[in-house]
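**Student:** Chains as they are written, first to last, in this note's numbering: chain V, 77 to 457; chain L, 1445 to 1796.
Rather than coming from a laboratory, the hints here were simulated on the basis of the structure.
No residue lacks a Cβ here, since even glycine has one placed at the ideal position from N, Cα and C.
Among these hints, one or two may not hold up.
[What the hints assert, rightly or not] Below are the DSSO-like pairs computed for lysine-lysine, each with C-alpha atoms no more than 30 Å apart in a straight line:
| # | chain 1 | residue 1 | chain 2 | residue 2 |
| --- | --- | --- | --- | --- |
| 1 | V | Lys426 | V | Lys396 |
| 2 | V | Lys412 | V | Lys396 |
| 3 | V | Lys292 | V | Lys316 |
| 4 | V | Lys316 | V | Lys250 |
| 5 | V | Lys292 | L | Lys1556 |
| 6 | L | Lys1760 | V | Lys242 |
[Claimed, not checked] If we take Cβ atoms under 10 Å as the criterion, some of the chain V residues that face chain L in the derived model are:
| # | residue |
| --- | --- |
| 7 | Arg142 |
| 8 | Arg145 |
| 9 | Ile150 |
| 10 | Val234 |
| 11 | Gly330 |
[Said to hold, decoys possible] Restraint ranges, calculated between C-beta atoms of paired labels, are given here:
| # | chain 1 | residue 1 | chain 2 | residue 2 | range |
| --- | --- | --- | --- | --- | --- |
| 12 | V | Met83 | L | Ala1478 | 16 to 26 Å |
| 13 | L | Tyr1635 | V | Cys183 | 36 to 46 Å |
| 14 | V | Tyr173 | L | Lys1556 | 39 to 49 Å |
| 15 | V | Pro325 | L | Tyr1635 | 34 to 44 Å |
| 16 | V | Val162 | L | Asp1609 | 56 to 66 Å |
| 17 | V | Gly225 | L | Ala1478 | 27 to 37 Å |
| 18 | V | Asp452 | L | Lys1556 | 18 to 28 Å |
| 19 | L | Asp1796 | V | Val247 | 42 to 52 Å |
| 20 | L | Ala1536 | V | Pro325 | 17 to 27 Å |
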Amino acid sequence: MGTNRGMPILPVSAYTSQEWFDREQERIFSRTWAFAGFAEDITEPGQYISVQAGLNNIFVVMGRDRRLRAFHNICRHRGTQLLRAVGQTQRAIVCPYHDWTYDLEGCLISVPAQEREFPELDLSKITLRRASTDLWRGMLWVHPDENAGSIMQWFGDVEPFLGPHKVEELVEYKEGRTEYDVRANWKIVVENYIDGYHLAHLHSGTLAMYDHSRIKAEFIGPHYAFWEPLSADYAENLEKNAPYPLVIPTEQAGAWVPMLFPGIGLGESESSWSLFHVTPLAPDLTRVVIRTRVADVSSWEFTRQSFRSFGFWSKRIGGKYEGDGDDPMASGDFTKEDIYACEQQQRSLKSPYFVHGPSSVEGEAGVRGHQELVRDWVGDG
Amino acid sequence: MGDGFHQLRVLDTCAVTEQATSFRFAVPTGLSGAFRWLAGQHLTLRFWIDGVEVRRSYSISETPSSGDPLRITVKRVEGGLVSNHINDRITAGDIVDVMPPFGGFCLEPEPKGRRTYYFFGAGSGITPLYAMIRTILVAEPYSVAYLAYGNANADSIIFREPLVDLENQTEGRLVVRHVLTSPSWMSSFSYWRRGRIDAEAIAAFIDEHPPYAQDAQYYVCGPGGMNTTVRAALQGLGVPDTRIHTESYGASEPPDDSVNGITATTSVRLNGASLVVPISAGQAVLDAVRASGANPPYSCESGVCGACRAHLRNGKVHLRARMALTDSDVERGIILTCQALPTTPQLAVEYD
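Produce the complete structure using the sequences and hints provided.
**Tutor:** And the structure:
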């Protein structure tokens, strides 16, 4: 095996071809629990959202019993999408095309001009295709299969490896939401997320507040659990040095940075909680949406904390290289550094001279593990 | 014993309110399989009182998931023959005839299941619900339970202290809300609402405690009228019928004795055999079949357990009580033979 350690596990075409992309959409992203939003996105009866989860468009609506129901967003008549992105309905879901109407259990309850146009139609035999939905860790999830089973069959084993954060009690803030279209395959983005080897190097100027030599990481089922402690100088005076008010008790401080399958990264730290949601758009294009939540305290608390910690951070955060603000490697922003590295890798895959190089023992074990996982889910044919 | 009963020794007893007592049973190793139970099921007990055999079913009030002994909790019914006999006479060390656990109103825990359970109970209807709540807390760690519990006043609340302990020990996985019809002015007990568990209370309850786990299940156990009210209120909120599970308890609903049975003859199909049995005026179908020497299935003789159910293929009967039957059972012609009085001279009854 040598320094390759079994690499390459996936061929170059897994990162470049439409055929691989289509198979992943069908076999991974259309058969797993998908992130659909946060608990606060639906809080009142009649409210709904619709989300694309792999090949499926699914809407989630709250009934008067305050329970969420999920259905495939397809009218059983001609297949028209029933509900648009977000909105409010009361007791019924009406298809815009011919006004076929369903109740919140998905049962067809009325068809215009039924006596003339559909005299033989038995309404009670027609229901919307049901999907599954649940809340977990403050997040709203959907699964295309109505018999998907408990969401804890999927996330239960990894939960003990996540942070002590109470996600529902943290608040999202507007500037904490960023969106990037990365010109790289989604697996390159995920592999970068779970690569422990690059942290001390690519991010030498941006992530020095964590001790990368003490990482604990392993796959728990399909999910990659990842934890690292604070660096000694940061931890020494955490209450003063934290950039924002703390969200977990000081004695538990550290960073949990798991990658849930497929492509749902969490960044759970001492002073913030964020979601890193990876959505493949094309073989070489991936959307990353980052949504950050912080302590639910006054803006004065944030101002005060940023003042207190300014001295600490001004000495520690900076670009890897000198340069102007347009250069991601001089930006002092670790996300821009990551995107830069991912896009460069994707470009190199087109070179006839590209071959996979050696793979590191510990730091890149997760990369190999993720490639094996994708290979197993996608299968051969 | 060949009649389905086993002799169990009473381990100990414990008064839980002025009117209710818990009884724990020792189950010999050889019977532990037969006496394995699911939360929500009940036991049928047999006594001879003044030389007459009587049977009653009582819900098991302990979870099967904790290793605690089999336990029932019996509340005195005013003028009730058996409930008072048990409360007055049965003590630790006594031997009681008990039939193995039985009943379809039950909750089987799934270790990785994740549900929101809503429980609506009143009075001694808490007994099966308490077993279910304990089961969830012990054996279904990702699920949560919300209990709305109706009683006359603070002193009549069965398991009042144990419920407080469970609430405190389980970090928000159990919420208990008390609804009292006639709270005492002298009591410092803090309750949630005054009145009954009606549509308004149910809507407020769910509003205050919306489901977090989205697989919500609704369990109801109270006197007959309450179950109908709760079911209708839940349906009014759009809860699908498949998620609502109910059980009545018989004691507080008096049997309907408005109709007298007439003299009749019935054909009976039982265990592959056919027989013809005469029924005297006022006699229940079950009693007539037993008097003929046959061995039909039966247990509680009060319409609660459903063990004696059969299909009525011809003729009509009056059911004095029908707690064990759903509306759709009745529509399909299922009867409880222990409660069935003939109202036509010819019947045809078929056991499963």
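**Student:** Which hints from the list above does the structure break, by number from lowest to highest?
**Tutor:** 6, 9, 10, 11, 12, 16, 19 and 20
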